[in-house]
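Chemist: Residue-level listing of the chains:
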Amino acid sequence: MKPHSLLRTIGLASVLAMPLTSLAQTPNAQAEKIYRLSLAATCANCHGTMGISVPRVDIPKIHSLTAEMIYDQMMGFKSGKRSGTIMPQLAKGYTDEQIKIIAEVLGREK
Amino acid sequence: MNRRHFLGQGAALLGLSTGLVGVSRAKSLKSAHIVVVGAGYGGATAAKYLKLLSDNTAQVTIIEPNANFISCPLSNLVVGGVEKIDALTTPYTGLEKNHGIKMVKDSVAAIDAQKKTIQLASGQSMKYDKLVLSPGIGMMMDKIEGLAEANKAGITLQAWKAGPETVALHKQIAEMKDGGVFAMTIPLAPYRCPPGPYERACQVANYLKKNKPKSKVLILDANPDVTSKGALFKKVWAEEYKGIIEYRGGLVATAVDAKNRSIKFEVDDDVKADVLNILPPMSAGDLVVKAGLANANGRWANVHYLNFESTAAKDIHIIGDSIQIAPGMPKSGHMANQHAKVLAAAIVCELSDLPVNPQPMLTNTCYSFVNDRDVVHVASVHQYVAAEKTFKTVPGSGGLSPEPSSKEGLYAWGWAKNIWADSLA
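Going down the list, the protein sequences come from chains A and B. Here the first sequence is numbered in this note's numbering, starting from 1 and rising by one per residue. Here the second sequence is numbered in this note's numbering, starting from 1 and rising by one per residue.
Read the hints as simulated data drawn from the structure, not as lab findings. Values in this document were obtained by computation on a predicted structure and should not be read as measured data. Take these hints with a grain of salt, some might be off.
[Claimed, not checked] Covered stretches of chain A, as calculated for chain B (at least 3 residues, CB under 8 Å):
| hint | segment |
| --- | --- |
| 1 | 27-34 |
| 2 | 49-56 |
| 3 | 79-90 |
| 4 | 99-108 |
From the three backbone atoms N, C-alpha and C, an ideal C-beta is built for every residue, glycine too.
Sequences are here, hints too, so could you generate the full structure?
Modeler: Now the structure itself:
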């Protein structure tokens with residue numbers, strides 16, 4: 001699948017399946033934004049605020065990854081296809097929908 | 001679920017748990033003054049994320065007596081002489097410079113929850129609309145007879161809040177004779193940093209093995225068994241520190257005799273040692289206890305977990321080590337940082353008349369150094385369970401390292417540098 005179509009799929013899926021993220025504009029767009037940022041902020045302790053790591057650390061950097069790459073890696077950790085130290089254990093704590101949101105928030109544009 | 005449903009659920013949950021949503025507010029986000037007390041992992045993160053999640057519109061003041069943040073995580077490396085305290089020290093300037101947070105170098109002497117004011121140690125008083133308390137832990141010195149006096153005499157110290165005591169404890173170990181005994185008592189859980197004492201034992205043993213190989217480390221644990229990463233630590237003790245570390249569980253320390261350098265226990269015989277690292281039972285930070293907010297057995301603060309508001313006082317929120325924990329929730333710096341983000345989002349939403357997230361998530365990651373290079377972790381993910389109004393670990397998630405590794409040693413330093421930036425920069 002091409003990046004664009006997957007991103008669209010993720011986007012569309014969240015509209016259909018994730019009511020928390022599908023709120024329209026107006027005050028509730030603000031609530032949605034805070035919800036999404038808060039969820040992604042659970043990653044920031046290790047990967048940096050908004051996924052931007054400080055320089056010269058050995059934790060894998062995620063801010064250079066696209067949303068679909070983050071989504072794929074997280075789903076790989078969750079399913080056991082991808083090995084790791086701590087991430088397979090953490091990825092299993094999130095729903096697929098939460099992983100989509102995190103990927104959308106932290107992934108770089110295209 | 002549609003938008004109305006989401007709002008309905010959020011409002012219903014909050015209505016049940018805090019009664020805040022739907023109640024008219026006196027202040028909006030822009031005009032409210034949010035005062036954060038304590039700039040450790042919890043308070044600093046709360047202040048920063050209040051700014052980030054409000055698009056920099058919230059007015060946030062931090063009350064903190066120290067000029068620098070000193071990390072407790074990794075401070076056992078200083079106790080063991082592997083690192084200097086400077087490597088764990090970050091000035092507080094980033095919060096002011098990067099986020100416009102007002103830093104007041106002071107501490108809080110008293111809280112008036114009715115008038116919504118705090119009295120600072122300097123005498124000044126300050127009004128708040130929302131008060132966030134993140135004072136860390138308190139040491140229940142009176143639970144161990146003679147401990148306060150032994151501390152005063154410079155015989156014992158805790159070094160359980162990183163800083164000068166951390167450096168002083170290393171000095172005591174460095175000055176100990178070869179063949180001496182380092183004894184550490186551990187209080188019954190819950191206490192700050194469950195694996196911390198066992199990591200400390202490793203670090204002290206690592207130092208002694210290289211510098212004073214005839215010496216011993218005695219772990220005298222009030223808990224019946226190692227409370228965190230037990231199998232991993234025991235394997236390291238049996239292999240890497242064979243003949244140096246001795247673990248004894250179920251020993252409740254009751255008194256310390258500074259003159260004879262001995263520790264007394266409920267049942268067991270006295271233990272004499274050259275260096276005494278006595279960790280008494282712990283409680284919420286002194287401010288929380290003094291303000292009457294430690295309403296769980298007079299020791300910890302009960303909070304509503306959706307917004308970390310005290311169950312004892314409106315508009316006072318408490319995060320970090322001071323709270324009565326949810327099941328499986330450790331008292332750790334990482335967890336305090338995660339509390340802070342849930343709290344910041346909730347306060348921004350409340351002050352903006354927006355529904356508070358009814359499904360917050362928390363993670364915990366804790367790395368322990370077993371020597372100067374190799375590390376083991378424990379990790380967990382916690383979800384809010386509305387039906388029980390508490391956080392619970394997500395089934396199937398979390399876990400431990402299979403064994404110590406230098407790769408996780410590098411990750412531990414990466415974690416530290418990123419969480420320091422996430423909290424302070």
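Chemist: If a hint holds in the structure, say so; if it doesn't, say that too.
Modeler: Checked hints:
Under the rule that three or more residues need a Cβ within less than 8 Å of chain B, the assignment of the segment 27-34 of chain A holds, with 5 such residues. Counting residues of the segment 49-56 of chain A whose beta-carbon sits less than 8 Å from any beta-carbon of chain B gives 3, enough to reach three: the coverage restraint holds. For the segment 79-90 of chain A, the stated coverage by chain B is satisfied: 4 residues place a CB nearer than 8 Å to a CB of that chain, which reaches the threshold of 3. For the segment 99-108 of chain A, the stated coverage by chain B is not satisfied: 0 residues place a CB nearer than 8 Å to a CB of that chain, which falls below the threshold of 3.
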